[in-house]
Amino acid sequence: MRTLLALLAIAIAGCATVREPEPGGPTPAPAPLPEPAARTENLAIAGLLDGARADAAAGRLANAAASLERALRIEPRNPRLWQELARVRLKQGDYAQAESTAARSNSWAGSDNALRAENWRLIAHAREARGDAEGAKGALEAAERQK
Amino acid sequence: MFDRAKFWRYARYTILTVALLAAGFTLYLDIRVRSEFEGRRFALPARIYARPLELHAGLRIAQIDVVRELQEAGYGQGPREGDPGWFANDNDWLEVAVRPFVFWDGLQPAKRVRVAFEGGAVKAVQDAEGRDLPLARLEPLAIGGIYPANNEDRVLVRLSEVPKHLVQALVANEDRNFYAHHARAALSFLRLKGLQGGSTLTQQLVKNFFLTPERTLSRKITELFMAVLLEIHYDKDEILETYLNEIYLGQDRDRAIHGVGLASLYYFGKTVEHLTLAESALLVGMVKGPTFYDPFRNPERALERRNLVLRETKDRGFATMEEYSKARAADLGVNQKAAMGTSPHPAFLDLVHRQLRRDYDEADLRSEGLRVFTTLAPRVQAAAERALERKIAQFDRGKIFGEPGLEGAVVVTDTQSGEVQALVGGRDVRFRGFNRALDAGRPVGSLLKPAIYLTALAEPSRYTLVTPIDDGPFVWKSRGAPDWELRTALAQSYNAATARLGTDIGVEKVLATIKRLGIEREMQPYASTLLGAVDLSPLEVAQMYQTIASGGFRTPLRAIREVTTQDGRPLKRYALAVEQAFPPEPMYLITAAMQGVVREGTGRSLSNWLPPETAVAGKTGTTTEQRDAWFAGFSGDRLGIVWIGYDDNRAARLTGAAAALPVWGEMMAALAPEPLALPKPDGCRSRRARRPRSALPARRPWASRSKE
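Respectively, the protein sequence lines represent chains H and Z. Everything in the first sequence is counted per this note's numbering, starting at 1 for the first residue and increasing by one. Everything in the second sequence is counted per this note's numbering, starting at 1 for the first residue and increasing by one.
Just chain H, same shape as in the assembly (with noise of 0.2 Å):
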């Protein structure tokens, strides 16, 4: 009851996780990591953002929306489709997709700081759209706090 006690002191702040050792039985390799959000060596994915850009450019929202949709098939966690995905979805007038996509994007970022602040400004700027004042400059404190 103590060791729990001392552990539970540790544990206590924020949300811990353990790695405890294994009583017994194999300990499973830990599973790889999601891709870093470099950018894509995939020459599909490659294809599909830039058509989707052109489109987007276009005024093909939902061509572009649709071919990013199949990256994402591909690679559902790329960062940088989910974000072009927010974007579009922004231009589309549809805010709070745009703002959850952004925040989807965010979750797949990993260390890329770069890429969530602009995921927080593409959020910023959904919240304005909204009316949402107070919200988008919490969105771009975020933005700049990624630096």
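Treat the hints with care, as some may be off.
Straight-line Cα separation of at most 30 Å, DSSO-like style, residue types lysine-lysine; simulated pairs [said to hold, decoys possible]: (1) Z:K111 with Z:K572; (2) Z:K572 with H:K91; (3) Z:K207 with Z:K288; (4) Z:K680 with Z:K515; (5) Z:K680 with H:K137; (6) Z:K288 with Z:K326; (7) H:K137 with H:K147; (8) H:K147 with Z:K572; (9) H:K147 with H:K91.
Label pairs and their computed distance ranges (CB to CB) [stated by the list, open to error]: (10) H:S111 with Z:R386: 48 to 56 Å; (11) Z:A88 with H:R60: 53 to 61 Å; (12) H:A133 with Z:A43: 22 to 30 Å; (13) H:R53 with Z:F42: 57 to 65 Å; (14) H:A133 with Z:A672: 43 to 51 Å.
Derived from the structure by calculation, the hints contain no laboratory data. From the three backbone atoms N, C-alpha and C, an ideal C-beta is built for every residue, glycine too.
For this one, chain H is given, so just place chain Z on it according to the hints.
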């Protein structure tokens, strides 16, 4: 006394009346023929497609799986001249002549694709000239339709698309004078032919179009009148084109094959313009009796009939001796494949149909020929069906359960997009009926527990994974029993600890979490709710676990990607939508705890199917008297929900771990799941902890019984 004047008056009246009636009848028929023929738009079923396979370097898929999908789409093995729809392969490469196809984003023309495989993955994708292709999208599999009355299915063709030799063979065998008889000639002709039993093409068309199949003289006369009227109003080509689209050419389970357009796809896996003389002759031969001359069931009879048609075609001067002998020497050339009926995956179709009904009229769905692009992944669906069928058969053998047998349901989704990849509604996977995946509301038992623990972990100042939870009997004060760590209580699915945790946090708060996870049903704010006394369908459970699997982003489950009109005009797109329902930290923790369920808790027997590196997260569920067995779990790429039980709620005497988990394990193992790796959020820290000896489950025989 005979009154001549009166007689003639009556006679005149009678003649006049008869003439008027006859004229009226003719006029009535004429109006009917014209309005129905002109306004005639064949009712076309909504056509439902699986997701297209998109091949790119690095895609993990074995060649055999691609080949299987091509075969199911009617692609033949071995190159064919000038006619796409075939593949050729060797050990490590595959060449495909992809048919043209109109996708939501436009026409993709026919193309040659070479795919190299290595170690169970695609190594390279190239075009015919050997240039690298970033992405090759194959034609999606047709997986059924939403059919008009009588389940009539057809693919409309223009006369100009139909090969001349097909038309010639048809005319030579069914109606030699088709082009000769004009309306006036037809009148005398029908005296000869019509009343003697044979039918002109026009008469056959009239019969199929306007009339019921009874055999009475009055019907025969009506038919002749209408045929004449049709020939007066319309030219031969119009009549012929309609005939070619109308004609009944076979039966695929409950689906009726109409028209040469669909028949050529159905029997030969090619579009009508590529039919050879021999293939055309086979179809023409079947006009007389599609069942009697069914080339799948009665190949010899069909061959004999085809050769008869070929001879007649030659004798009428429509084929040279050389063409005739070549066609005669050809084999039947039909593509044997599994019968599909209105759909091989009725449960999934049912889900698609329901989602469509929110946006479209039922009548439009059954007649407008809409094209619906769905999220079904044929390989995943096959794995789900196989695993459920096999395991249920095993359980049936192992125990005497009595009739009716054990039932089950499976839902598989993509963890990131919420796309439904597979859905099985019962043990008979081809059965169109009660869809347990959608409509069986069953108690979920411990499947609700993650929601309770998630609610706790969302309060980091009070709860962490190692917070001790009292597992003493709920009603009286435990006698100093050592507590369980929170994660262990979940891993071992301890009821008392969970109930205590739930009431400590507050039932209302837990219910709010369940709602945020995506469950829309109202739940009673009682402690028993926390222990799973709640009925949910497998699909609802999938929606709830989807939010966990995607890291707290709620994503509505979708079965449809896009809908277009019959000619490919985009109508609607069902876009990917996400909504952050939980912050990343508690989601990370609950997922880690659910990985613990599989690593060392009630789900540990999954190691029989999956290597530990896969690190899947899951939860077992068993209800009172073991009436329902559940397993819900996810890898990096897929979420799967399995339910096993009896329709009549009998005790199945099977736990989630013993019945549902093996189905899940076998299905996932067949799909080579991606490992589950979550990015650790900033707010979480790992600490090395030493577990107190007393907390090892094996040392605590007196601990409250695990309830899965």
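If any of the earlier hints don't hold here, list their numbers in rising order. 8, 10, 11, 12, 13
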